[in-house]
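Novice: Chain G: place on chain L using the hints.
2 protein chains.
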Amino acid sequence: MNRTKLISQIKAKESYLCIGLDSDITKIPAHLLNAQDPIFEFNKQIIDATEKYAVSYKINTAFYEALGTKGWESLQKTIDYLPKDIFIIADAKRGDIGNTSSQYAKAFFENLNCDAVTVAPYMGEDSVKPFLEIKDKWTILLALTSNSGAQDFEMLELKNGKKVYEEVLEKSQNWGTDENLMYVVGATKAEYIENIRKIIPNHFLLVPGVGAQGGNLAEVSKAGMTKECGLLINSSRQIIYASKDKDFAEMAAKKAQEIQQEMAIQLSVTK
Amino acid sequence: MNRTKLISQIKAKESYLCIGLDSDITKIPAHLLNAQDPIFEFNKQIIDATEKYAVSYKINTAFYEALGTKGWESLQKTIDYLPKDIFIIADAKRGDIGNTSSQYAKAFFENLNCDAVTVAPYMGEDSVKPFLEIKDKWTILLALTSNSGAQDFEMLELKNGKKVYEEVLEKSQNWGTDENLMYVVGATKAEYIENIRKIIPNHFLLVPGVGAQGGNLAEVSKAGMTKECGLLINSSRQIIYASKDKDFAEMAAKKAQEIQQEMAIQLSVTK
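So the protein sequences, as listed, match chains L and G. The first sequence: position 91 = 846 (this note's numbering), numbered continuously. The second sequence: position 76 = 831 (this note's numbering), numbered continuously.
Extracted from the complex, chain L is given alone in its bound form (with noise of 0.2 angstroms):
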């Protein structure tokens, strides 16, 4: 899906919603487990009851290689039952030489037909490129992180004066463009990302950590949208375990809207 689309989907359901399938099978509610592929059977029904209330789903890859094979099967049978109008994030933090950053850009990209994947830029340039060279897909680059270990080297102080996240995003910018390169940017303290708008006016942001981890949505869109939007907050936990019952997809489906209301709320404020 390319930006323009993208761009057209968040106007048309009044959302940049991105809902995270951390489908944990220790998680998923107790009658589900007899199905014949629990996991796929309850992404099955939180898609159906909050699709129209999100714009992407993102799959964190862990959880489903913690099953084997049968959790790569999973995998591979959400992706194709997710409908074609949805942005479809492979959350799987990849990088690597660039021959092998080739073969993973083949797996999520080509194998498994996602729209972006998340990639870790420690190992630079030439560990990035291969994911960007992809037509019409999305490289998705890590660069300040909500979690607390953030704070180890992401956001140590280069000897230049820049943060080495600050860093990742000026050096990176160069690699691709707008049109297929986002950042995860935490959303944890929202004056950071007035900062990181201050670097890449343009690109659009992927931001966890609004929920389970502790960011405010509002907050958050008020310092990082654009004019065309540029965010997609992603929820997880708060979403699919909204309940651990029968009601589960209805209950996932309740706060996808309520978080969904809330952004409709944020995107005409800054039209």
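Honestly, I wouldn't trust all of these hints.
Heads up, the list lumps identical chains together, so a pair's fine if it works in one copy or across two of them.
[Claimed, not checked] Pairs of lysine-lysine, DSS-like flavour, derived with a Cα cap of 27 angstroms:
| # | residue 1 | residue 2 |
| --- | --- | --- |
| 1 | Lys-1001 | Lys-782 |
| 2 | Lys-768 | Lys-782 |
| 3 | Lys-890 | Lys-861 |
| 4 | Lys-977 | Lys-926 |
| 5 | Lys-890 | Lys-768 |
| 6 | Lys-977 | Lys-799 |
| 7 | Lys-884 | Lys-944 |
| 8 | Lys-892 | Lys-807 |
| 9 | Lys-782 | Lys-861 |
| 10 | Lys-782 | Lys-953 |
| 11 | Lys-977 | Lys-832 |
| 12 | Lys-914 | Lys-999 |
| 13 | Lys-782 | Lys-890 |
| 14 | Lys-944 | Lys-839 |
| 15 | Lys-890 | Lys-825 |
| 16 | Lys-861 | Lys-999 |
| 17 | Lys-884 | Lys-782 |
| 18 | Lys-926 | Lys-944 |
| 19 | Lys-918 | Lys-884 |
| 20 | Lys-782 | Lys-892 |
| 21 | Lys-953 | Lys-760 |
| 22 | Lys-892 | Lys-926 |
| 23 | Lys-832 | Lys-799 |
| 24 | Lys-892 | Lys-1001 |
| 25 | Lys-944 | Lys-914 |
| 26 | Lys-917 | Lys-832 |
Since the hints were derived computationally from the structure, they do not count as laboratory data.
Specialist: What follows is chain G alone, placed relative to chain L:
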């Protein structure tokens, strides 16, 4: 496999060779493509021919993921096939927020039963800790990689005077011990390895880049070897693609033996 066992394997085989199974369906000999599982058939024959010269095999997960569910099956079968006295590394470069890293640890340590997994440090302590918490398993953290992109962030100087990769080494060595934590250090410049040994005198280093990426075995060994060896030197393409014909396994063994013989000399020099 614990540290004592690994060191005794190195002594017994007079080898610190790790063979990288970057097995690419477009590069394996044509006559294998009719097999039911060509990648597994290739790996099996490579392992049979080379295992007496190597103490470790490193599975580059990207090449398997690129083939989807089928690739994940080949990966699992290869790990199951490897002998019990082999140190098995999943070269997966994972790393995410805590609850997600726990799922990756489950994938590679419990589901696939690997001894070690490579992890990217960008997201800091809480992204690495879940791997370190699994008993008798190893985390191999990226420090200084052998690709050109290492210049982009790893080699940058921080305000405190250290390079980013030096800060990764210093900070992370307190997250684990030399019994469960190793580091990836590229072999392209041996002088860096001397410097790294000043920061972490006892930790094992996994060194890629000897061979196809340009490092020199004798130089790297001189700079990095400890009394207990402390090195695993990886070679992938140079061994597994030594020939593209029916004699591929035989030629791979020949190449592996050549490297092992050089390693035996290096081990005897350091005694």
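Novice: Next, verify each hint and record whether it holds.
Specialist: To see whether the hints hold, each was checked on the structure:
In this assembly of identical chains, the alpha carbons of Lys-1001 and Lys-782 lie at most 27 angstroms apart only when taken from the same copy (13 angstroms versus 50 angstroms across copies). For the identical chains of this complex, Lys-768 and Lys-782 are neighbours neither inside a copy (29 angstroms) nor across copies (46 angstroms), given an alpha-carbon limit of 27 angstroms. For the identical chains of this complex, Lys-890 and Lys-861 are intra-copy neighbours only, at 12 angstroms inside a copy versus 34 angstroms across copies, given an alpha-carbon limit of 27 angstroms. Within a single copy, Lys-977 and Lys-926 get their C-alpha atoms as close as 26 angstroms, which meets the 27 angstroms cut-off; across copies the closest is 35 angstroms, which misses it.
Taking the shortest Cα distances, Lys-890 and Lys-768 sit within 27 angstroms of each other inside one copy (26 angstroms), while across copies they are farther apart (48 angstroms). Taking the shortest alpha-carbon separations for Lys-977 and Lys-799, neither the intra-copy value of 33 angstroms nor the inter-copy value of 57 angstroms comes in at or below 27 angstroms. Taking identical chains as interchangeable, the C-alpha atoms of Lys-884 and Lys-944 lie at most 27 angstroms apart only when they sit on different chains, with a minimum of 24 angstroms there against 29 angstroms within one chain. Within a single copy, Lys-892 and Lys-807 get their C-alpha atoms as close as 23 angstroms, which meets the 27 angstroms cut-off; across copies the closest is 44 angstroms, which misses it.
Taking CA atoms no more than 27 angstroms apart as the test, Lys-782 paired with Lys-861 passes between copies only; the shortest distance there is 15 angstroms, against 31 angstroms inside one copy. In this assembly of identical chains, the alpha carbons of Lys-782 and Lys-953 never lie at most 27 angstroms apart, being 40 angstroms within a copy and 46 angstroms across copies at closest. For the homomeric pair Lys-977 and Lys-832, neither the shortest alpha-carbon distance inside one copy (36 angstroms) nor that between copies (51 angstroms) is at most 27 angstroms. Proximity of Lys-914 to Lys-999 under the C-alpha cut-off of 27 angstroms is found in neither arrangement, the shortest distances being 50 angstroms within a copy and 48 angstroms between copies.
Taking the shortest Cα distances, Lys-782 and Lys-890 sit within 27 angstroms of each other only across copies (24 angstroms), while inside one copy they are farther apart (37 angstroms). In this assembly of identical chains, the alpha carbons of Lys-944 and Lys-839 never lie at most 27 angstroms apart, being 33 angstroms within a copy and 48 angstroms across copies at closest. In this assembly of identical chains, Lys-890 and Lys-825 lie within 27 angstroms of each other by CA distance solely across copies; the values are 25 angstroms between and 30 angstroms within a copy. When the C-alpha separation of Lys-861 and Lys-999 is checked against a cutoff of 27 angstroms, the pair qualifies only between copies, where the shortest distance is 23 angstroms, while the shortest distance within a copy is 36 angstroms.
For the identical chains of this complex, Lys-884 and Lys-782 are inter-copy neighbours only, at 22 angstroms across copies versus 37 angstroms inside a copy, given an alpha-carbon limit of 27 angstroms. Taking the shortest alpha-carbon separations for Lys-926 and Lys-944, both the intra-copy value of 23 angstroms and the inter-copy value of 24 angstroms come in at or below 27 angstroms. Proximity of Lys-918 to Lys-884 under the C-alpha cut-off of 27 angstroms is found in both arrangements, the shortest distances being 23 angstroms within a copy and 24 angstroms between copies. Within a single copy, Lys-782 and Lys-892 get their C-alpha atoms only as close as 32 angstroms, which misses the 27 angstroms cut-off; across copies the closest is 26 angstroms, which meets it.
Proximity of Lys-953 to Lys-760 under the C-alpha cut-off of 27 angstroms is restricted to the intra-copy arrangement: shortest distance 25 angstroms within a copy versus 53 angstroms between copies. Proximity of Lys-892 to Lys-926 under the C-alpha cut-off of 27 angstroms is restricted to the intra-copy arrangement: shortest distance 20 angstroms within a copy versus 36 angstroms between copies. For the identical chains of this complex, Lys-832 and Lys-799 are intra-copy neighbours only, at 9 angstroms inside a copy versus 30 angstroms across copies, given an alpha-carbon limit of 27 angstroms. For a Cα distance limit of 27 angstroms, the shortest separation of Lys-892 from Lys-1001 qualifies neither inside one copy, at 37 angstroms, nor across copies, at 39 angstroms.
When the C-alpha separation of Lys-944 and Lys-914 is checked against a cutoff of 27 angstroms, the pair qualifies both within a copy, at 24 angstroms, and between copies, at 23 angstroms. In the homo-oligomer, the alpha carbons of Lys-917 and Lys-832 never lie at most 27 angstroms apart, since the shortest distance is 43 angstroms inside one protomer and 47 angstroms across protomers.
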